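**Q** Construct all of the structure, not just a fragment, from the sequences and the given hints.
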Amino acid sequence: MIETRELSKHYGDLKAVDHISFTVTPGQVLGFLGPNGAGKSTTMKMIAGFLTPSAGSVSVCGFDVQTAPIQAKQVLGYLPEGAPSYGEMNVAGFLDFIADVRGLRGETRRRRIDDAIGRLNLGKVMTQTIDTLSKGFRRRVGLAQAIVHDPKVLVLDEPTDGLDPNQKQEVRALIHAMAKDKTIIVSTHILEEVHAVCDRAIIIADGRVLADDTPAGLEARSRYHQAVSLSTDNAKAAQELLTRIADVAAVVIDPQDGRVTAFPRPGQQIFAAVTEALRQNHFPFHEIALEQGRLDEVFRQITQTAATEAVMV
Amino acid sequence: MNMSSKHMINILFRRELRSYFATPVAYVFIVIFLVLAGAFSFYLGGFYQRGQADLLPFFNFHPWLYLFLIPAVAMRLWAEERKSGSIELLLTLPVTMWQAVLGKFFAAWAFVGIALAMTFPMWLTVNYLGDPDNGVIVAGYLGSLLMAGAFLAVGSCLSALTRNQVIAFILTVAICFLLLLAGWPLVLDFFRGIGLPLAVIDAIAGLSFLTHFQSISKGVLDLRDLVYFVLMIGFWLYASAVVIDLKKAD
Ligand SMILES: Nc1ncnc2c1ncn2[C@@H]1O[C@H](COP(=O)(O)OP(=O)(O)OP(=O)(O)O)[C@@H](O)[C@H]1O
Ligand SMILES: [Mg+2]
Chain A
0 MIETRELSKH YGDLKAVDHI SFTVTPGQVL GFLGPNGAGK STTMKMIAGF
50 LTPSAGSVSV CGFDVQTAPI QAKQVLGYLP EGAPSYGEMN VAGFLDFIAD
100 VRGLRGETRR RRIDDAIGRL NLGKVMTQTI DTLSKGFRRR VGLAQAIVHD
150 PKVLVLDEPT DGLDPNQKQE VRALIHAMAK DKTIIVSTHI LEEVHAVCDR
200 AIIIADGRVL ADDTPAGLEA RSRYHQAVSL STDNAKAAQE LLTRIADVAA
250 VVIDPQDGRV TAFPRPGQQI FAAVTEALRQ NHFPFHEIAL EQGRLDEVFR
300 QITQTAATEA VMV
Chain B
0 MNMSSKHMIN ILFRRELRSY FATPVAYVFI VIFLVLAGAF SFYLGGFYQR
50 GQADLLPFFN FHPWLYLFLI PAVAMRLWAE ERKSGSIELL LTLPVTMWQA
100 VLGKFFAAWA FVGIALAMTF PMWLTVNYLG DPDNGVIVAG YLGSLLMAGA
150 FLAVGSCLSA LTRNQVIAFI LTVAICFLLL LAGWPLVLDF FRGIGLPLAV
200 IDAIAGLSFL THFQSISKGV LDLRDLVYFV LMIGFWLYAS AVVIDLKKAD
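Protein sequences appear in the order of chains A and B.
Start counting the first sequence at 0; every next residue gets the next number (numbering that gives the first Met the number 0).
Start counting the second sequence at 0; every next residue gets the next number (numbering that gives the first Met the number 0).
Derived from the structure by calculation, the hints contain no laboratory data.
Since the model is a prediction, treat every value here as computed from it, not as a measurement.
Nothing false has been slipped in among the hints.
Taking lysine to aspartate or glutamate pairs in the EDC-like style, the calculated list, with each CA pair at most 20 Å apart, reads:
id, chain 1, residue 1, chain 2, residue 2
1, B, K5, A, D99
2, B, K246, A, E80
3, B, K82, A, E87
4, A, K14, B, D249
5, B, K247, A, E80
6, B, K5, A, D95
7, B, K82, B, D249
Which chain B residues stay away from chain A? Per the calculated CB distances, all over 12 Å, these:
id, residue
8, N126
9, D130
10, A202
A virtual CB, placed ideally from N, CA and C, is assigned to each residue, including glycine.
**A** What follows is the structure, given as structure tokens:
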């Protein structure tokens, strides 16, 4: 359980985080999205107890991070941005150190460390100095460090940054597997990741929450939600044909790949009407798809509207 | 999960001390320390010529040796943590600021202690050549170690001030130099010359590492000298904790 109340952080005049309030409950994976400099890392640093908030408060599992920092830190696993660690140590030594600080002993200690090593495939780099590891492996060491004490709450700042596609997949699976009984916050710039691991997403920009919704809910805000797209050799003719359908608001041809997309009028379903029109006219096409909505488009729309508003003010 | 503060400090201490020896820095430091300590006492201090069996010329140079060598050890204490970002890891582990400050400080102190202990052949030599007062020598080592601790505590605070190790080094040398100078006879004579009241001159001298170190290394174990070093260390470590808290995010 993570609860932030009117959390703010100011650097001089800059409001890096501006009155952010949200609650994440066990079993939830919250995705933190936002443009560079939005305040994602700053918020996470306050949750982890590294930065002192300028105003507002955070509690982790009921422990106020300011007044009961040690208890809060004990139940929390944190991967800081850039996965810093002690570069001169080797991986085994580093994880041993973390396990010691986390108060793990004896059999549990061995088991927890082995578990973290196994989950992040660190087996073959255990004796290597961290400074000499590749970026992806350093990130994995950072993740292993964050989960070694099996924390109730995980705060991961860009956990898949710099990982290869296979590892990205594995880390997502790992987060998914741990999600059952934990409270997890991940920040990311990879929107497909939101779909893959999060069941809730918060979009922030300029330190403020602009959207707080499920991934599906966000997609529903997209122009592409319930749109129908198809590929055909005769895009112009398709455009003409589909424009005539009553519930179709607009038909657009993608200038790059020539894909034709028909957008519905608000609240309308057009898939059946479109397929029917194609069938009746024996219109040739390669394939057709019902769009769920595009997160990147929603992201752009939400964050750029905010940016223009900010300029006008 | 709960563990004593002592145990936590010990874990941090061991990690830190081991990290000194993980790089060549430790060995370079120890070799330079030993070579300089030897060279100073034999050539400049006239170790043999004095015809006296004691280690006074050896200890007399320690303040000046430490002036440049200890800031080199201390500069990395916090500056490096901040530069590499590991400070964020350290301070989000269930560790209090005091545990972190003390764990790192004791490791640096132990490291200098190891270097100091390696000068034991000097001790053996004077015992072989003559019949020194070993009590005075033990006091000299104790005073030297305490003074090293005070230098390190100053360095800990100043290295928390910046993420640049070179700046940390220069600041520490400068402050330590002032703290040494304040007790140097030449400087005190100067103050006397311009007619400062005796009480003020005593107070200035009382702030200096040099005054207290010299009285301990002569074999006079006065509680006030010990208290001075303990307070000095305590003050600068407290300042370290305050500075880290203020500057950790920058
Ligand atoms: N120590 C600092 N001093 C001054 N400003 C800072 C400091 N740390 C962060 N900021 C500013 O606070 C804002 C939020 O930064 P933050 O690192 O939280 O962004 P972010 O959302 O994590 O971005 P990214 O996606 O690039 O990681 C930025 O404008 C940044 O420049
Ligand atoms: Mg960030």
